[in-house]
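Each chain, letter by letter, is given below.
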Amino acid sequence: MRLILRQTRAEEGSDISVLVLVRLPEPHDLKEKSFITMFRHLRTLQQFSRRTVSSSAPRQLENKVPGKQKIFQEDNGLPIHLKGGVTDALLYRATMALTVFGCGYVVYTLLDAALPKKKN
Amino acid sequence: MAHQAHAYHMVDPSPWPLTGAVGALLMTSGLAIWFHFHSMTLMTLGLILLLLTMYQWWRDIIREGTFQGHHTPPVQKGLRYGMILFITSEVFFFLGFFWAFYHSSLAPTPELGGCWPPTGITTLDPFEVPLLNTAVLLASGVTVTWAHHSIMEGERKQTIQSLALTIILGLYFTALQAMEYYEAPFTIADGVYGSTFFVATGFHGLHVIIGSTFLAVCFLRQIQYHFTSEHHFGFEAAAWYWHFVDVVWLFLYVSIYWWGS
Numbered sequence: 001m002r003l004i005l006r007q008t009r010a011e012e013g014s015d016i017s018v019l020v021l022v023r024l025p026e027p028h029d030l031k032e033k034s035f036i037t038m039f040r041h042l043r044t045l046q047q048f049s050r051r052t053v054s055s056s057a058p059r060q061l062e063n064k065v066p067g068k069q070k071i072f073q074e075d076n077g078l079p080i081h082l083k084g085g086v087t088d089a090l091l092y093r094a095t096m097a098l099t100v101f102g103c104g105y106v107v108y109t110l111l112d113a114a115l116p117k118k119k120n
Numbered sequence: 001m002a003h004q005a006h007a008y009h010m011v012d013p014s015p016w017p018l019t020g021a022v023g024a025l026l027m028t029s030g031l032a033i034w035f036h037f038h039s040m041t042l043m044t045l046g047l048i049l050l051l052l053t054m055y056q057w058w059r060d061i062i063r064e065g066t067f068q069g070h071h072t073p074p075v076q077k078g079l080r081y082g083m084i085l086f087i088t089s090e091v092f093f094f095l096g097f098f099w100a101f102y103h104s105s106l107a108p109t110p111e112l113g114g115c116w117p118p119t120g121i122t123t124l125d126p127f128e129v130p131l132l133n134t135a136v137l138l139a140s141g142v143t144v145t146w147a148h149h150s151i152m153e154g155e156r157k158q159t160i161q162s163l164a165l166t167i168i169l170g171l172y173f174t175a176l177q178a179m180e181y182y183e184a185p186f187t188i189a190d191g192v193y194g195s196t197f198f199v200a201t202g203f204h205g206l207h208v209i210i211g212s213t214f215l216a217v218c219f220l221r222q223i224q225y226h227f228t229s230e231h232h233f234g235f236e237a238a239a240w241y242w243h244f245v246d247v248v249w250l251f252l253y254v255s256i257y258w259w260g261s
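One line per chain: the protein sequences are L and P, in this order. If you count the first sequence from 1, position 100 lands on 100 in the working numbering, and the numbers rise without skipping. If you count the second sequence from 1, position 45 lands on 45 in the working numbering, and the numbers rise without skipping.
Isolated chain P, as found in the complex (with noise of 0.2 Å):
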């Protein structure tokens, strides 16, 4: 066998670009379809290939790093800056949300009154659910800073507590705002308010469930004595996107809930 005489990470040959963009294309055309002719057929199938390819791709990924030991530190700094950009990118799609958010309030127009909020819509009272969501976003920051705190100082029983913490108050978090979804006294059909409300919050929450998987992911990986003291990157990644959808949550609050009531 060749062996390298670099740090890098020359990756093997990978099916699973490929399988991705088909599963892609699959699912959004399945979307089209689904819209125009009724059929989910194309688009399920779609999502299955894509969850397929995800959790092949990443099951790859750990092999490479946690059993062959490809993630030396140039390599892991790659990958730092690679999560950076991705929730860089992330950034920029919420502030696109926002700035509609912010366009159709700042002046409301004649169609809507004239204010914001436009007539006949029922606001949510921030300083109900939306302030307990906060108050549980909050803590999970605390829990999930507990459990970085905990695997740099080698304490396995509490990297597991504080994650599973992390992990119940993402799904509580969920749990509260479906209920929301459910109890609200407007849709997103209700004009540009129910738009604004629901794709910027409908998105945030998707990113709530996809941030609680990445903890789970992070948590069966920590039982299986995967992650050390030094090397967790990981980790780090899921606690990075964590942070990033608390502040997004922070922003939406102060935005939409409070200030736009």
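In isolation and in its complexed conformation, chain L is listed as follows (with noise of 0.2 Å):
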């Protein structure tokens, strides 16, 4: 038995509504069925959003910089590129290493680009 609770409109000029409990009529299809469960699952969903998103995308982030400001502002000596951790340092590594690489195939290949070769 499905009932549910209805407020009427309250008349002009008065400010009383009543409270009328009404017994709704079993859905008879599957149709009908389907979409009272698809509603019910819509109704979950938006009470579920509107109390886990208390803002508007993106969520709301902890604010890190205190944590931040403690590491970077630590006497260990090291500069502000290796200050970070671990992944500066590889990244550092891989940069430079690049550079390296880079001065070497420059010359060679602007070398290679500005010699006559010799034709067999």
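The set of hints was computed from the structure by calculation and includes no laboratory data. A virtual CB, placed ideally from N, CA and C, is assigned to each residue, including glycine. Misleading hints may appear alongside valid ones.
[Stated by the list, open to error] Here's a subset of chain P near chain L, in silico, CB distances under 7 Å, partners left out:
hint, residue
1, MET10
2, ASP12
3, SER14
4, VAL22
5, SER29
[Said to hold, decoys possible] Coverage of chain L stretches by chain P, computed from C-beta distances (three or more under 8 Å per stretch; other residues unrestricted):
hint, segment
6, 64-74
7, 88-98
8, 103-109
Assembling the complex is the task here: the two chains are given apart, and the hints tell you how they should meet.
Put into structure tokens, the structure is as follows:
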């Protein structure tokens, strides 16, 4: 048995409205049943998202600036480009490796392009 | 640790100027090698090196300013002068291309048919996509100003929304312009009209992409609480650059698209 509470519209000039208990007819076919289920899911999703997302996208992040300030103000003698940790060192090494290799490669390529080739 | 008795910033020794210089060398030599010997290896290597340098150098500046507090008022003043001077240099860069356009279009040679647009060139209708592009960039100027006021008033959510909108408008402009390039009835090889059109609008488009990237970085920094209502120079620099890009487009639109059609 499905019962719902309905509030009637107040009469003009009156501020009284009445709560009425209404018995709805049972859903008699599959289409109506699935529609009701879908509606219930949507309402649940709506309530869930209202509770979890407290602001518009993107979701609220925790302020990590004080933590970072502590890391980068630590008196460990490290230069700024290495002070962030292991990732800094790896990225630096990769960049420097490409730089050194690149220097050699460009000198080789330009010399090769500049010097005449002996044809057999 | 020795403490400084002044408000200025003596930076730590850094490898990025060197890696950047080598990257630029590799990219320019690589460009020449690509033109003549059809190999893209050197140029690609140079591009990767430049991207790595830019990422790490600017990451370090954020660390020095936001995390170490080195960007005192005198230091910030210097950064402002720097950005203004850089944008001024970019103005002169574009001035050159406008000079080239007006040189050819004010006194069209007999080879062009003695007229502008030259004989045989079907110009783009300035009141179609180019006008939409103008509206898009003008709107983005409004949204970036909204973002600035939101930052100054401490409105976190509004700042994020208006910054996101600005970036979306920038990307929309880029997409529209890319479509225009694809559909255009003339190419860069179509005489001096094609050259001036594509070089001027092409460099402008590149600056839109750079500006959008700068704003995107600011967006990420805003989400991570880097900016305060009093101190947000990174954002101001991005906003100045964006307004500059907008103004260049207005000149391009009036000169090349409208008067030149």
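(message) Between the segment 88-98 of chain L and chain P, are there enough contacts, at least three residues with CB-CB distance under 8 Å, for the coverage claim to hold?
(response) holds (count 6)
(request) Examine the segment 64-74 of chain L for residues whose CB is less than 8 Å from any CB of chain P, and state whether their number is three or more. (result) Our answer is that it holds, as 7 residues pass the Cβ test (under 8 Å) against chain P, meeting three.
(message) Verify this for me: three or more residues of the segment 103-109 of chain L with a beta carbon less than 8 Å from a beta carbon of chain P.
(response) With 4 residues in contact (Cβ-Cβ under 8 Å with chain P), the coverage given for the segment 103-109 of chain L holds.
(message) For the restraint on ASP12(P), tell me whether the closest CB of chain L is nearer than 7 Å.
(response) holds, 4 Å
(message) Given SER14(P) as an interface hint, is its Cβ closer than 7 Å to any Cβ of chain L?
(response) holds, 6 Å
(request) Please verify that hint: SER29(P), Cβ, nearest Cβ of chain L, below 7 Å or not. (result) holds, 5 Å
(message) The hint names VAL22(P) as touching chain L; please verify it with the least Cβ-Cβ distance against 7 Å.
(response) holds, 5 Å
(message) Does the closest beta carbon of chain L sit nearer than 7 Å to the beta carbon of MET10(P)?
(response) Since chain L brings no Cβ nearer than about 12 Å to MET10(P), farther than 7 Å, the hint is violated.
Taken one by one, the earlier hints fail for this structure only at number 1.
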